[in-house]
Structure formats: C-alpha cells, structure tokens
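Student: Start from chain D and add chain E according to the hints.
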Amino acid sequence: MSTTIEIRNIFRRFGQHTVLSDVNLSVEPGELLALLGPSGSGKTTLLRLIAGLDFPDAGIIKFDKDDALGRKPKERGVGFVFQHYALFRHMTVFENIAFALRVRRMPKGEVKTRVNELLKLIQLETLAGRYPAQLSGGQRQRVALARALAIQPRVLLLDEPFGALDAVVRRDLRRQIRNLHEEMNITTLFVTHDQEEAFELADRVVIMNGGRIFQEGTPIDIYRAPADAFVHEFLGESNKFPCVIERGIVHVITGGEIGFAIGTAAAPNGKATAYIRPHHVLIRPNTRGAWRVNRLTSTGAQARITVACNDIIAESVITADAVVESNLTEGATVDVTFTGGTLFDAEGKNPIKVAALKPTLAQLGTGTR
Amino acid sequence: MAVKAQPIETFLVAKPDRDKAFPWGKTVLIATALLFMALFLLLPLLIVFSEALSAGISEYIDALDDPNIASAIGITLLIAAIAVPANVVFGVIAAWCIARFEFSGRNLLITLIDLPFSISPVVAGLLEVLLFGLNGLLGPWLSNHNIQIIFALPGMVIATTFVTFPFVAREIIPLAQEQGNDEEEAAVTLGASGLQIFWRVSLPKLRWGLLYGVLLCNARAMGEFGAVSVVSGKIFGLTDTLSLAVESLYDSYEIQAAFAVASLLAMLALVTLVLKAALEWRHRDELHAMRRKKAAT
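Here the protein sequences come in this chain order: D and E. Take 1 as the starting number for the first sequence in our numbering and just add one per residue. Take 1001 as the starting number for the second sequence in our numbering and just add one per residue.
In short, the hints are calculated from the structure, not lab data. Note that the structure is a prediction, hence the values are computed from the model and not measured. Certain hints may be false.
Claimed, not checked - In silico DSS-like cross-links for lysine-lysine, where the CA-CA straight-line distance does not exceed 27 Å:
| hint | chain 1 | residue 1 | chain 2 | residue 2 |
| --- | --- | --- | --- | --- |
| 1 | E | Lys1205 | D | Lys72 |
| 2 | E | Lys1276 | E | Lys1205 |
| 3 | D | Lys108 | E | Lys1205 |
| 4 | D | Lys108 | D | Lys120 |
| 5 | D | Lys120 | D | Lys74 |
| 6 | D | Lys74 | E | Lys1205 |
| 7 | D | Lys271 | D | Lys240 |
| 8 | D | Lys271 | D | Lys353 |
| 9 | D | Lys62 | D | Lys72 |
| 10 | D | Lys108 | D | Lys72 |
| 11 | D | Lys108 | D | Lys74 |
| 12 | D | Lys112 | E | Lys1205 |
Isolated chain D (complex conformation):
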C-alpha cells in the first residue's frame, strides 16, 4: 500500500545556475531515505520538486505509476515538514494541525477526532491551545510533523528535520521519527547535511553534491566503499597522504621524496592519494619509535591524538581507556600503523583498498610488551 517514487532525468536551473543535473532515483515503498549532501548540493530543491513547490525544467517524477508532475501539490498526497517548521504563527497547535482538514472542508466533528488522534501521537494533547511561539523547538517540530501527517500522505518529506535543535532533543526526535515510520510505513525522504543523522535514521542514503547523485546505498555499504574522494571526505574526517605506489607497496611522499611504506594495495605503479580514517591509525608506545605525539585531547569516551613524523602529520582516534592503559602522553615517541584506507587517483576516482603492511603488523606482535 505504500508508494514508490520514480525520479528520472531531472534537471533544474535557476538562471545560469544548474541546481539539479540528470538526477535519477527510485524510492522503494515504505522506505526511509536520506538525501545527504553539503549545502548547495540540490537536495532541498529535489524535495521541493517532489512536493510540487517547484517544477523541473526536464524530467519525470512518478508516484507508483502516476505522473506526479501533472498534478497540483494538493493532489499529490505529500506531507512536507519545513526546515524552520513554517507553522502558522497566528493559529494554535490544534488549528495548525487541523488546517489541511479544514481547507478540505471535513466536517467539524471529524476534524476534532482526527486532530486529537494526532495530538496523542505526538504527545502534545495538553498544548493544543498554545501558539507556536509558546513552544520549544522540539515541540514545534512535532507539531509540524503532525500537521503534515493530518492528510495521511502517501509520501512524507522532511527538510533538515533536526537542523535547529539541540543535541539531546535531536536524538530523542530521531528515535520518535524512526518509530513513527515503522508504525505507519509511509515512504519518507529526508534531507540532511549531517552524516551521522542520515546513517542512524535511514534505510538507504543518497549522497548528493553539485546537483548530482554521487552514490546511493545502505549506510554500511557507503561507508565501507565510498565511490570517490568527495564521498569519503564527506562521510567523516580522514588523513590525506600523497603517495607513490611501487610494485603494490604504498609509500608516502615526505619532503618531496618517496618515504616509508604505509601499506599494500592492488594498484598500478604511480601517484595517488591515500585516505585513512583516524580510527585506522594505530598507536603503540615505543621509546625508539619514529613518530611523536604532538597533541592529545579527550572528547569524553574517545581521545584524539595528533602524531607527527618529519612533515607527515596524522590524526588518530582511540578510546580514552586505551590512552590510560598504554600510558600515552604528549611528547612521547610511538610506533604508528595504518590498518586500512582507500587510494584515490588524481581526479579523486577509482577507489582501491589499502591493506596494512604485514611486516609492520608482525613487528607489532614483537612490540614493546
């Protein structure tokens, strides 16, 4: 009973500026899909096209087999939650939620029943008489959601749904939306620039940049196999090292010359850039180690360590407990091993996995302890 969305060859230009360029996307029935990308990537424009708030210059959007672009917004059955909620400031919570029903001339009694159901769903029964300005951010967000759900939409669209909320409320609302989605099973798209949010909430993530879709897949697949350097960088920080590959060994470039090996890769000889996530940078104390701990800061459960070897600087993230166990301090000399990473060519394409150097791992076994 849930709706599929088919998006084919969508183009959208504003004057000289191309906001969406040949976008193709299929959304499965009942799927919870995240559009993830930096600001200006066209994700909100895509959402507005689906809702009918804007029209593409070319392309097709279908709900099931039904041409959505040929229909007015109100005939599409789309619920839209705006980034800043866009609640009607002169109406109470009750009237906000009732709006869609009232403009459809639903009998008063039915409106009351339906709105009360929704108020119960978002747990704001006691605040029905308040005005939006009298609510907290999280409460406004829930009202916006209930208002969008009032017409029982086929498709639910959320634009940066958690953008304006503080961390605790955010986490809470994420869970509520996930639960709500599981309960109602409405095909849902949400836009976010927050990778963590997209990964936690969505069944599938679509990564957009510069008006194009760069990659789509489950959070795990995308994280493990980013299609290019942009996606890799966007999904979280990484250490970037210019490298030279010789006979399958990856050497970093230091001081303009070929330096030490950091791993192996099934790549042809030549230059590339290695992207290594901080949690793939392994640190072991060694009084004769080549690396030095420059900085050590705690972010609570985890510690962030900056290590340097000549002009090469790497960031590592390990658990705070591990720091205490291995007695790491600033200024200490250490061994550093890279346990994984990805190589991209000069254009940031053609990802190739980097594996840890076996000898280094063997050395680790005979390390300090």
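Tutor: Okay, now just chain E, sitting in the frame of chain D:
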C-alpha cells in the same frame, strides 16, 4: 488562568550596576518623557475640552446642534469610510507583491509609496486641481461628461486617499517581508487554494500590522486638512469636513464653537485609541506569544 512565565532576560539584565553608574539617569529620563507628554499631548487635549465647554454645556450642545456640523460629521466619516478601505486594499496588494515577487520596478514602487509623506498636503491638493480642475489636464473631458471632482466629494476623497496612502502599506510591507513566504508554502503543501491561503494565512498573519495601519490611516483621514482644504471649496453644509469647519469657525471668531467641533475630532481620536486597546486586550495571549517569538529571533 495560568501564571505567565517571566521572560528570563528580566532576571539576567545587570540592572543594579547600570543604576549605580547613573543614579539619576533613569529618573531624569522618565521625568522628561512624562513632562513632554503632558505638555504636548495632554495639555492641548484638556484645553480643547475646557475651551469647548467654557460657555457651559448647553452652549456646547447648541454649537454642535447645527445642520452644517451634522453634515460635516457625515462627510468626514464618509471620506474616511472610502479612503481607509481603499488604502487597505492597496496596502495589502502592495505588501503581497513586494514580499513575494522580485520584479523590476519593485524598488521604485517602495519609493513611490512614500511619496505622499514627502509632499506637502497643500501641494498634493494643488496637483489634484491641476489634474482634474476646469483648466486642468483632464478638466475639459470631465466637464464634457458632467463629472465634477474638484470642489466636490470625489475630489476630497481622492485627496484624502492620496495623503493617507502610505499608512497601511508602510505598516505591513516590512512585516510581510520579515515573515517571508514559508507559511504560504506550507499551506500549499497542505492543499490550500490561492484564495484560501490569502484569507487563512497571508491576511491573518499581517493582521496586527494591518490594524495599526488602519487606525493611523483612519485618524489621519478624519483629521486631514491641507489637501482637502485646497480641493473642497469649503461649501458650508456640502463640502465641509470637521477639520475645515474648525478653521472656518475659528476664522469667523466663533472660538467656542470651533473648540466644540475640535472636541468632536479629539473624541474620534480617543475612540480609535480605546478600540485599539480593547482589541489588544482581547487578543493578548496571541500578541504576547508573537512578541516573545520576535524577541527570541
């Protein structure tokens, strides 16, 4: 009725320090403001009423019990009743266009709206004579078709509408621009038609600005003198408004009668104020909420 939460800022403001630094500052400022108010607002108002009643209440009633005065009241109210709605319609359309669309001539429109403020009303009246008068641009055509504008009610309505043109528009255009388009878009996704959006969303969200605009516009429309005096011809009992009657009575040394009529105008102003206060009181919850939101953003 629940107790309203005190805005937290009230507690956070470092009041004691400021008061210590300028111990007399607050008192002096408040006293100056009150003195100014008393001297320039309250005193004239009292004088109007005391002069009007100086010869006793029966004289006061006599002065007003005159068919010419009755006609002046009628004309004043009629002019306001046409000019104010006309400017409301124009103001709302202008605000709608300016807040919603980017179009060439948009800045010109914003500037033009202020024109009546920058032109002396007398000049505005003269312009109208030059346009519609017998020797004016459209004069011959109008007289051929037996339409009289100058020295008649239509001219006075046009003059008043022109002079009070900016009041509503000026009040709601900034409001409309500040509020943006989000709520209208939300209404679109919720299935409202264009008309439904206008009546249920766009107009209500402007309604407080609109109210102030209407009140100011109305006060000015009833009190307008300069432009109307040029185009009216001041025909007693025909094209005489209250403001014009005050002047002509005063000029013919009927001081007490002049003040009696002036007191009517003052009372109209007071009624306007009371109306505004009553509306604000009735919608205090909503207003309170809107102010808090404004302070928060």
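Student: In ascending order, which of the hints set out earlier in this document are inconsistent with the structure?
Tutor: Of the numbered hints given earlier, the structure breaks none, since each of them holds.
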